[in-house]
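2 protein chains.
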Amino acid sequence: MPRYKLTIEYDGTPFAGWQMQANAPSVQERVRDAIAAFCGEPFIPRGAGRTDSGVHALGQVAHIDLAKDWPPGTVLKAINFHLKPAPVAILRCEEALETFDARFSAKARHYRYRIVNRNAPLVIERDHAWRVGPPLDAAAMAEAARHLIGRHDFTTFRASQCQAKSPLKTLDVLSVERSGEAITIEASARSFLHHQVRSMVGSLKLVGEGKWAPDDLRKALEARDRTRCGAMAPACGLYLVRVDY
Amino acid sequence: MPRYKLTIEYDGTPFAGWQMQANAPSVQERVRDAIAAFCGEPFIPRGAGRTDSGVHALGQVAHIDLAKDWPPGTVLKAINFHLKPAPVAILRCEEALETFDARFSAKARHYRYRIVNRNAPLVIERDHAWRVGPPLDAAAMAEAARHLIGRHDFTTFRASQCQAKSPLKTLDVLSVERSGEAITIEASARSFLHHQVRSMVGSLKLVGEGKWAPDDLRKALEARDRTRCGAMAPACGLYLVRVDY
Chain A
28 MPRYKLTIEY DGTPFAGWQM QANAPSVQER VRDAIAAFCG EPFIPRGAGR TDSGVHALGQ
88 VAHIDLAKDW PPGTVLKAIN FHLKPAPVAI LRCEEALETF DARFSAKARH YRYRIVNRNA
148 PLVIERDHAW RVGPPLDAAA MAEAARHLIG RHDFTTFRAS QCQAKSPLKT LDVLSVERSG
208 EAITIEASAR SFLHHQVRSM VGSLKLVGEG KWAPDDLRKA LEARDRTRCG AMAPACGLYL
268 VRVDY
Chain B
28 MPRYKLTIEY DGTPFAGWQM QANAPSVQER VRDAIAAFCG EPFIPRGAGR TDSGVHALGQ
88 VAHIDLAKDW PPGTVLKAIN FHLKPAPVAI LRCEEALETF DARFSAKARH YRYRIVNRNA
148 PLVIERDHAW RVGPPLDAAA MAEAARHLIG RHDFTTFRAS QCQAKSPLKT LDVLSVERSG
208 EAITIEASAR SFLHHQVRSM VGSLKLVGEG KWAPDDLRKA LEARDRTRCG AMAPACGLYL
268 VRVDY
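Protein sequence lines, in the order shown, are assigned to chains A and B.
If you count the first sequence from 1, position 201 lands on 228 in this note's numbering, and the numbers rise without skipping.
If you count the second sequence from 1, position 241 lands on 268 in this note's numbering, and the numbers rise without skipping.
Just so you know, not all the hints are guaranteed correct.
The list makes no distinction among identical chains, and a pair is therefore deemed to hold if it is satisfied within one copy or across any two copies.
To be verified - Below, a list of computed lysine to aspartate or glutamate pairs in the DMTMM-like style, where the Cα atoms sit at most 25 angstroms apart:
no. : residue 1 : residue 2
1   : K111      : E152
2   : K111      : D154
3   : K238      : D164
4   : K192      : E122
5   : K104      : E208
6   : K111      : E208
7   : K238      : E68
8   : K104      : E236
Keep in mind that the hints were calculated from the coordinates and are not lab data.
This one's a predicted model, so the numbers in the text were calculated from it and none came from an experiment.
Sequences are here, hints too, so could you generate the full structure?
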């Protein structure tokens, strides 16, 4: 029973998220249906991580097992054919060891959050970035972000419905860079708590607006209190960029 | 009768182009309707240049005349309010001299053409770039592009329906750069012939694929013969980036 590693891009806008659920369209279900249409096996792909409704992926990873030993190029083309017209595409398909697990073998997950800092509504990037009107101080946001890097109890930035056993996580990267009206936040860790990136970005935005000093982010972290978190940033600006194994 | 200069962004996908026409949605008409909804004056905005069906703009410029002397910030917010939900946004509104003409005062027009060089279908950038499967040699494309810079008879790269008086144009910039799977072509000139950028890009793609040598582009230019042009690149990859005055 050969195992395949799929690297998947999707536009999260029309989906209720990666994870299959009753009565709502999911990326996982869409990929499963494409696999079934190709080879008759409705194998449910196992993803590296859930993405919420409206969150995009440039490089989600999932594994599938098929009964027949198809060439990876055939699997890739066939699934992409049957995915149309959904905004989901398989970028790469590789044979994997049977011990490979998209979720449990992952060593690092890389997310990007995109803010467009301007007053005019987004049209070309509608649903693909967070438009923030007030001028943001990206240098102050970058300074504040450094307080979150490292191993911490991230309870402040954790959704109430988060199922992780522990709020302790090690954040390896949290950078903020401005290029014109675009502000890009990169976040990397072995794993994240539910809503962690969007919660951190929501608080960084308060720093950017000057409502919080950079040090207020450290205080919010140390409070380990969800009520101290800034309003969560919207899903449409978040991208799962890459998963390392 | 105060004149205003509008800088406009739009997603060209749902439009038959900038220019108003019977029985097809245009950006120009949509902006006119928003002006009328705001102040009761159905003034037709005069654009710096037509863009074809499906071509996008990051910085189209148009001028309008209004009967009343509104503050520019009011004009901007009101038009944006009435443009919703069309994918058109006014980025800037400035008062202009009555001698200012968006089309005839323009000193330079800057276009960008975006190619994504990969096999997988585009999903996040669907309708916003040209996907080209075969690997393209961007260095060869850049070398070929240099043959087109300067003052030339661009008949080879001119649409049969082009209304310009002369095929002589001065191309100031034609650059090709690769970043990962993205290839970006920048083109700048005082003005362009109809379909000139997409025609040049279509021929550059042949160079990228190795079907043409870089020097074949020079020969095609010198032939002054439309039948020597490569198949025109699709509209969805083209952006009117900026107009200088």
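To see whether the hints hold, each was checked on the structure:
1. K111 / E152: This pair counts as both: shortest intra-copy Cα distance 22 angstroms, inter-copy 15 angstroms.
2. K111 / D154: Answer is both: 20 angstroms inside a copy and 14 angstroms across each meet the 25 angstroms cutoff.
3. K238 / D164: So K238 and D164 pass the 25 angstroms test inside one copy only (11 angstroms; across, 49 angstroms).
4. K192 / E122: Neither way: K192 and E122 sit 32 angstroms apart in one copy and 59 angstroms across, limit 25 angstroms.
5. K104 / E208: between (38 angstroms within a copy, 19 angstroms between copies)
6. K111 / E208: between (34 angstroms within a copy, 22 angstroms between copies)
7. K238 / E68: Neither way: K238 and E68 sit 54 angstroms apart in one copy and 41 angstroms across, limit 25 angstroms.
8. K104 / E236: Between copies only: 22 angstroms across, 46 angstroms inside.
Of the numbered hints stated above, those contradicted by the structure are hints 4, 7, listed in ascending order.
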